[in-house]
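Number of protein chains: 2
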Amino acid sequence: MEDAKEQSKSALKKAEKQAKMAAAKAEKAAKQASLPVVGGKKSDDIIGITVSKTENFPQWYQEVVLKAEMIEYYTEISGFFIMRPATMYIWNTIRKWFQERIEAMGVEETSFPMFLSQKSLEKEKDHVEGFAPELAWVTKAGDKDLEVPVAVRPTSEAVMYPYYSKWIRSHRDLPFRLNQWNSVVRWEAKQTTPFLRAREFLWQEGHTAHLTEQLAGEEVLQILELYAGVYEQLLAVPVVRGRKTEAEKFAGGYYTTTVEGYIPSNGRGIQGATSHCLGQNFSRMFDITVEDPNEKGKHIHVWQNSWGLSTRVIGVMVMIHGDDKGLVLPPRIAKIQSILIPVGLTAKMSAEDKEKHLKHLDEIFHTLKKAGVRTEVDLREGYTPAWKFNDWELKGIPLRLEFGPKDAAKDVVSYARRDTGEKGTIAIAELTTKVPELLETIQQDMYNKADTAYRAHRLQITKWDEVVPALDAKNVVIIPHCLVPACEDKIKELTTGRSDDAAENAPEGQKAPSMGMKSLCIPFEQPGGLVKGETKCLNPECTRLAEQWCMFGRSY
Amino acid sequence: MEDAKEQSKSALKKAEKQAKMAAAKAEKAAKQASLPVVGGKKSDDIIGITVSKTENFPQWYQEVVLKAEMIEYYTEISGFFIMRPATMYIWNTIRKWFQERIEAMGVEETSFPMFLSQKSLEKEKDHVEGFAPELAWVTKAGDKDLEVPVAVRPTSEAVMYPYYSKWIRSHRDLPFRLNQWNSVVRWEAKQTTPFLRAREFLWQEGHTAHLTEQLAGEEVLQILELYAGVYEQLLAVPVVRGRKTEAEKFAGGYYTTTVEGYIPSNGRGIQGATSHCLGQNFSRMFDITVEDPNEKGKHIHVWQNSWGLSTRVIGVMVMIHGDDKGLVLPPRIAKIQSILIPVGLTAKMSAEDKEKHLKHLDEIFHTLKKAGVRTEVDLREGYTPAWKFNDWELKGIPLRLEFGPKDAAKDVVSYARRDTGEKGTIAIAELTTKVPELLETIQQDMYNKADTAYRAHRLQITKWDEVVPALDAKNVVIIPHCLVPACEDKIKELTTGRSDDAAENAPEGQKAPSMGMKSLCIPFEQPGGLVKGETKCLNPECTRLAEQWCMFGRSY
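Protein chains in written order, with this note's numbering: chain A, 1 to 556; chain B, 1 to 556.
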């Protein structure tokens, strides 16, 4: 009994807090819109999304990440974004999931300084060339010039590997695996987009060393599968696993594997996360060797990998699942999985009946909590249920549960799914099983919907003339390709041009030329039909034979 | 049965891995010492600590953090350190403990950019003056000069508060609380020391806003108590809670509370962590206001706090508990709490007997694991038990468990405590209760020992002539003080001078003058005996009356 009382109290406290928050929000929205606040309430249109996802995808995206309070633009310095609590919850969920799995693999955590010296950076030629244009250089401390400027890490190969040479002394130290969670800076010249392209972003970077190419290669794929798991199992986002072409691989690496996503709204491909085998390039430059266990006196340069997953994953998730009402969160990464809202409490009802109903609601709330469902109850006063519905829809909460006197009479709770809008009822007696089941169904359905869209827009094409129309129809294409970098450049050039469809979303008066396509990956799952030594590269200006099916697309 | 098999297998695998590691280490040690490896083994002196804690405390500390593999010096850029897995385990344990508690308080997580603009920094005059000399300035991106240089955050007040003004719109948004885990850069001119003073360090920084001074003040103390908890409950380090004097408070803040530690080896005080009330200084400068809930139309500047705890805590722990054998870890933050080592396996024993004994050992290992004790078993071959003992002592493992045929005959396990060296036996039947109990005893005893030392060296002094001798005898002092900044400067000057004792640890040929003392804090627990309006400030050159007892000391 004491317990129930305490719980009731805490629910009341929470309700009070939520009421405060809501009123504050209305006031805020009014301030922003320079409109007077009427009775602490505001109409829906101010907090809602003002453009449709289909009509203006870039603005829709910007509004969603801002209004769902995931992101704030850092106006002090362009290209930087503030990650708000709604974002950090998702990132921490991903972090925990991934961290548990790499710990089980034997990867240990470390933390290296954020700065690197020119000297260590320059050790690997391709690497420095790849990153130099985007390096942020610290040249002064206080009012004194530094003797030697230092750069903020864009990635930590050059920061870490001088120490690998010191720490790895014998083949018995292998595999040697470290990971760190930090932020890196790449001073992009291109236009930045929240989550997808920022001058600073959060990520994890793993750096490992192995005795043989084979052992390194096994880990590359093991990690890639974890990255696919973050997308598919947590974010309900399908990805294509594959290898990057030479032109698109990591600067200084041996080969790069990748999971590639797809944004149906604009038909663009997007790199999801990459797991690189660095080969022996870095170990040669940084002198990381061990004695060959099979041949005394012979030294082997270790085989290295590096792999990273960034907050970009969150942006991909928003773009794929969101709709005109706002964010749509997959249940597994939603801080609030279901929101419980009282409805049908008319002015005519007696205070006693209301109290009784709210007590019933509170019991349902605690039933759900106990069943492990991340639930909140919205008891804010002065707001219509409709207003609350919109508010929680904007924030992407997967499942809305409504409870009114009519529901109570039937011993049910009414629900509405955020992803499909589907409505129904659940018997109160079955809540503890049905709600978790429904959340899992939502998770699965969200994945299936995205997967269906991706599969429908991944076209296997063998006629060059079909390529640009396919891109314009928001597809990515899988074509026979020679895999030669110069050919990729040419393909990009040939597919760049004016296209009404692609320019549709460009700002008024600035109809941009349509973007050329680039290679996304060589999918591990190769379709049939390519005859080695016979099938030609699809590029009409290329005379080479095709090596593999390669996925191309307009991309982020 | 299948389970037991699997467990045995995993124990074997672990043993193999450990054997590999050990052999690798011996080879490494030999390489470093340029000595040949004899049968994969090396003598103890190479991996052990070469100086005594009493004789050369600075070098002892450096050796401990290096050889226990907590830290690596970042030789590329001076003043930076690499945090190795042994450190990150401790930091993550602290992080988890603290994070759970602030989450329960309603603090949410955020992530702001690492750079700040000159403009926002300059808004609070004292703040910019306090941090300007240590700012790292990014002036170039790639090969282009930035139009406006940006600084790496030394702390995030100036990064975050422009947005607080946007987000806090109503008193219903209060309390508004955000925290972030990140690293900050302060380009110190002073000599750096691993953990204690580094140019970049990991920390958490909380930034909150409240309606009233009282509400802000309550949180300041709530957080301070959590900081004391990190030291006292996790790290077994006693601290004194108090307020900083005006001279020592946070630049731009209203008042600063602190937990102050003490290093017995050199008698120095060390600031543990600080929780600041910023008052309304920043809210005025950044225009963070809400409407007074009690007076329509009247606007109130919010009351702000900021609070931070850094990796410094780990250094304090090392300095206090370590001994001539190396690190000593309190059980609650030790990744490995007990290490199980087979002993007495003579060459004369039959293979069968050995196998039987190791099977028994494996059962003990799994019994401990099941009891929730973080245990490893050291089955490395080619090493004497004595070598293993030294190795695990260097790493600070709280409890060594030995198991030999003689122990088996008596159904006991022998143990040795890392903190006291005390030895004894535990009946195997009682392991699951006795080992956790013993670990808790070790934790408590470590705290008590440090607490006794601190109390014995915190001298309440009322005669000026006793001050410097007290400092020279490695005490901190509590004296009646006027709390005026100029008087503190004078006290520092008066206590700076030559003192053989203090100069003892200076490098050969560079006998330094002894360090002057500075104020550490005004302890919340004030001793009696100070009569307001009567007791004089202890500084002989000060004519003012004493306000409070103030703790002074030589310090980090």
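If you are wondering where the hints come from, they were derived from the structure by calculation, not from laboratory data. Please note that a few of the clues may not be correct.
One copy or any two copies: either way a pair holds, since identical chains are not told apart in the list.
What the hints assert, rightly or not - With a cut-off of at most 30 Å between alpha-carbon atoms, the simulated DSSO-like pairs for lysine-lysine come out as follows:
id, residue 1, residue 2
1, K536, K298
2, K369, K518
3, K490, K369
4, K53, K166
5, K140, K125
Hints that the structure is at odds with (numbers, increasing): Of the numbered hints, 1, 2, 3 do not hold.
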